[in-house]
Each structure stands twice: as C-alpha cells, then as structure tokens.
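Visitor: Just so you know, the sequences run in chain order A and B. Counting from 1, position 180 in the first sequence corresponds to residue 180 in the numbering used here; the numbering is continuous, with no gaps. Counting from 1, position 115 in the second sequence corresponds to residue 115 in the numbering used here; the numbering is continuous, with no gaps.
Quick caveat, the hints were computed from the structure, so don't treat them as lab data. Small disclaimer: the values here were computed from a predicted structure and weren't measured. Where is the CB? At the ideal position from N, CA and C, for every residue including glycine. Warning: the hint list may mix true and false statements.
Computed footprint of chain B on chain A; a stretch qualifies when at least three of its residues, placed anywhere within it, have a C-beta under 8 Å from a C-beta of chain B [said to hold, decoys possible]:
id, stretch
1, 6-14
2, 52-58
3, 90-96
4, 108-122
5, 129-140
6, 167-173
Per label pair, the in silico range of CB-to-CB distance [what the hints assert, rightly or not]:
id, chain 1, residue 1, chain 2, residue 2, range
7, B, H121, A, P169, 27 to 35 Å
8, A, D89, B, H26, 35 to 43 Å
9, B, W176, A, G122, 19 to 27 Å
10, A, E30, B, E29, 36 to 44 Å
11, B, M34, A, G122, 37 to 45 Å
12, B, E19, A, A68, 35 to 43 Å
13, B, A68, A, T24, 49 to 57 Å
14, A, H147, B, W176, 22 to 30 Å
15, A, D89, B, G7, 38 to 46 Å
16, A, S61, B, E30, 47 to 55 Å
17, A, D89, B, H120, 15 to 23 Å
Far from chain B, some chain A residues (derived; all Cβ distances over 12 Å) [to be verified]:
id, residue
18, S22
19, Q74
20, H147
Protein chains: 2
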Amino acid sequence: MPSNSPGVDAYRCIVTKRELRSFTDHPIEEPVLMKILHAGRMTGSSRNRQPWHFVVVRERSRLRELAAFGRFAQHVATAAVAIALVIEDTGAAFDAGRCAQNIMLAAWSWGVASCPATMHHGPEARALLSIPPDKALAIVISLGYPHPRGRGAIERTALRILASRGRRPLASMVSWERYGPSIPVPH
Amino acid sequence: MPSNSPGVDAYRCIVTKRELRSFTDHPIEEPVLMKILHAGRMTGSSRNRQPWHFVVVRERSRLRELAAFGRFAQHVATAAVAIALVIEDTGAAFDAGRCAQNIMLAAWSWGVASCPATMHHGPEARALLSIPPDKALAIVISLGYPHPRGRGAIERTALRILASRGRRPLASMVSWERYGPSIPVPH
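Here chain A stands alone, though its shape is the one from the complex:
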C-alpha cells in the first residue's frame, strides 16, 4: 500500500492520461483513495467557491445500478470506486471539469485508471445517491486499477498510448493572437 508519492513525472502523467474502462478487481487502498479525494478538494475554482461534493460509491450493487443510468456507463459496474461529482448548480460545470481532471490525474499518478460517465438517466441516478434537488450531478468517475496493475502501469500504458493516435493535430486547434484555424503554428 503506497504511503508516499510514487514519483510519476507530472507532464508525463498529464499527457498519457486516457479514459480506461476495464479494471482489475483489486480494491483501491484507503490512503490512495484519500489522496485522490484530496486532489479534488485542492482544485481551484471561481472565487474559490469549491462548489462540489464527492459521493464515493463502493458497494457493488450500487455501482451496478449506477452503470445502468448512463448509455456508455457500463464501466461503472466493475469499477473499484465511483466518485459522483455533485455541484452547486450547472453553472459550475467548468469548475467541475477542473476538479474531475485533478481527481483523474491524481489517480493516474498512483497507477489508478479512470473514466468519466454521464448519467443520461439523471433523476434515477440522483435518487440512488440521494442528491438534493438544489444540487446538480456533474459526472460520475469510475476508478480502478488497470491491466496490468502496479507502479509500472503508467509507463507500460504510456508506451502503448504514445504510439496511438486519437487527437486532432495541434496545428488544427491553435491560432495566434486571434481566432483563425488556418494560421499555421509559428516557429
């Protein structure tokens, strides 16, 4: 059970993070889970509102129920943990994205894979989690150890990921001084 940071390089952690939907049945150790939650807690937010609440779900039956409430949420059923990210209102969606990214990157830094799941059947998901009517459910994040598990997981997965495609070229999404997709990246 790790008690100190595994020493993963920050930039490598960020650029290799992918949504993984297949998890081993190994539980997430309590200290690791607390560190993941702490990373969510420390996220910056507009006017430092910290407009979030984390519902941590570990009961298998409840995870299976949640998984049925999203069209692409099957991975929640086999997650070791799901974190439902509850926010003050839908206007906090941007801050929720920052918080979710912190949670998923912190998890990845500890070798824990993750995937966000939208709950398309929102009322049913909210009822299952007893979310008050004045709060919004931003996302549900699946968490679990990937195959293969362990301290080398990021490096091994990274080699596979870095060789893969799946993102538009940088030049297609960057422009300089003003919007204009056709302006090339200067060097």
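Since chain A is already given, all that's left is putting chain B on it; use the hints.
Guide: Just chain B now, kept in the frame of chain A:
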C-alpha cells in the same frame, strides 16, 4: 530553455497548483509553450469530441485590452501569454474545465504559473479575438513565470502553499454511498 520534462512529481504538482496573478516579465520559451498546448490537446473529452480551439495571445497591447474585459482579469495584462479557450458550445463547459486544468497543470510542471479569467464583457473579448458567432469563449488563462522563477519555484511555492489554508476540510465535501454532508469519513 528546457527540452525535457523537469521531473516534477505529478501528485505534488496537482495539489500545489494555485492561481497566481503576478508574473515576471520573462517570456515563456517556445518549446515550453508548445508542451503546454500539447497537454491541452491531449485532454480527454466526451465522445472524444475535442471541442476546443486555443487562441494564443502574446502581443502586450492585446493582453492589456483583454484584461479590461473581465472584472477580475487584471493579471492578463502582465501575463507572458494568455490562452483563450474557445469551445464548440456552452455544453462543452465541463470538458473545457478538464482542458484548462491540463493546461495549467502542465504549465505548473514546467514552473509556469497561471490563473483563469472570466471575460465578463464577452462580446468585446470575442470581437478582439475574432471568435466566430457559433463558438463560445470558455475562459482566458494567464500564463507566466512566478516570483521566484525557475526549476525550484514549485518546491518553494509549495512550502508556502501547503502551510496555508483556503480549502474546506475534506470531511465537509465527502460522503459515502449516498449524498449526506453529515456522514463522517470512515477509517
């Protein structure tokens, strides 16, 4: 000019990242800027839509103009670079938050500080940046080297930050299996 990752620990990078609003006049080296943009590019998004475009602003006069379009955006005027995060529509706000966090964490991993700024005068900001009417401006991110600058900046800033308060206690924002602020963290 760094060409390799500075080897900052991922978890430490995540939990020490703060919005800093004061920057030195040192420019951000081109390879570092490209790495920061690449981190934004690699962000996961719903159905891999990658619903973003980055407008990179470095002209001082333009930075000053942008700074006037947000009520708390003064820091944009002195930033080395501002990245305007343009998205397909406001429904992509959650993904924009993920992307902004990747950008700011990657920057921090290279010793570059950042702060998001809301453009309260949206139409004026959009006009300055030539943002098309069918796109949304999610946020403007200021970037620049903090005082003190350099490879040790994160560690030095971290010591100061870790000693500070500014976030609600974890127990106040976590509940287990269902929403309920009064349920204590189990151990």
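Visitor: None of the hints should be skipped; say for each whether it holds.
Guide: Verification of the hints:
1. With 9 residues bearing a CB less than 8 Å from a CB of chain B, the stretch 6-14 of chain A meets the requirement of three and the coverage assertion stands.
2. As drawn, the stretch 52-58 of chain A meets chain B at 7 residues by the rule of a beta-carbon pair under 8 Å; at three or more, the given contact holds.
3. With 4 residues having a beta carbon nearer than 8 Å to a beta carbon of chain B, the stretch 90-96 of chain A meets the requirement of three or more and the stated coverage holds.
4. Counting residues of the stretch 108-122 of chain A whose CB lies closer than 8 Å to any CB of chain B gives 5, so the stated coverage by that chain holds, three being the minimum.
5. Residues of the stretch 129-140 of chain A lying with their CB closer than 8 Å to a CB of chain B number 7, which satisfies the three-residue condition for coverage.
6. Residues of the stretch 167-173 of chain A lying with their CB closer than 8 Å to a CB of chain B number 4, which satisfies the three-residue condition for coverage.
7. Judged by the Cβ atoms, the range 27 to 35 Å given for B:H121 and A:P169 holds: they are separated by roughly 32 Å.
8. Between A:D89 and B:H26 the Cβ separation comes to about 39 Å, which falls inside the hinted range of 35 to 43 Å.
9. Separation of B:W176 from A:G122 is about 21 Å and conforms to the stated range, judged on CB atoms against 19 to 27 Å.
10. Checked against the given bound of 36 to 44 Å, the beta carbons of A:E30 and B:E29, roughly 42 Å apart, stay inside it.
11. Evaluation of the 37 to 45 Å hint for B:M34 and A:G122 yields a pass: the beta carbon distance comes to about 39 Å.
12. Checking the proposed 35 to 43 Å range against B:E19 and A:A68 shows it holds: the Cβ atoms sit about 39 Å from each other.
13. The hinted window of 49 to 57 Å between B:A68 and A:T24 holds, with their beta carbons roughly 53 Å apart.
14. Range check, A:H147 to B:W176: Cβ separation about 27 Å, and the 22 to 30 Å hint holds.
15. For the hinted restraint 38 to 46 Å between A:D89 and B:G7, the CB-CB distance of approximately 40 Å keeps it satisfied.
16. Checking the proposed 47 to 55 Å range against A:S61 and B:E30 shows it holds: the Cβ atoms sit about 53 Å from each other.
17. The hint said 15 to 23 Å for the Cβ distance between A:D89 and B:H120, and at roughly 18 Å that hint holds.
18. For A:S22, the condition that its CB be more than 12 Å from all CB atoms of chain B holds, with the nearest at approximately 16 Å.
19. Even its closest Cβ contact with chain B, about 15 Å, leaves A:Q74 beyond 12 Å, as expected for a residue assigned away from the interface.
20. No beta-carbon of chain B is positioned within 12 Å of the beta-carbon of A:H147; the least distance is around 19 Å.
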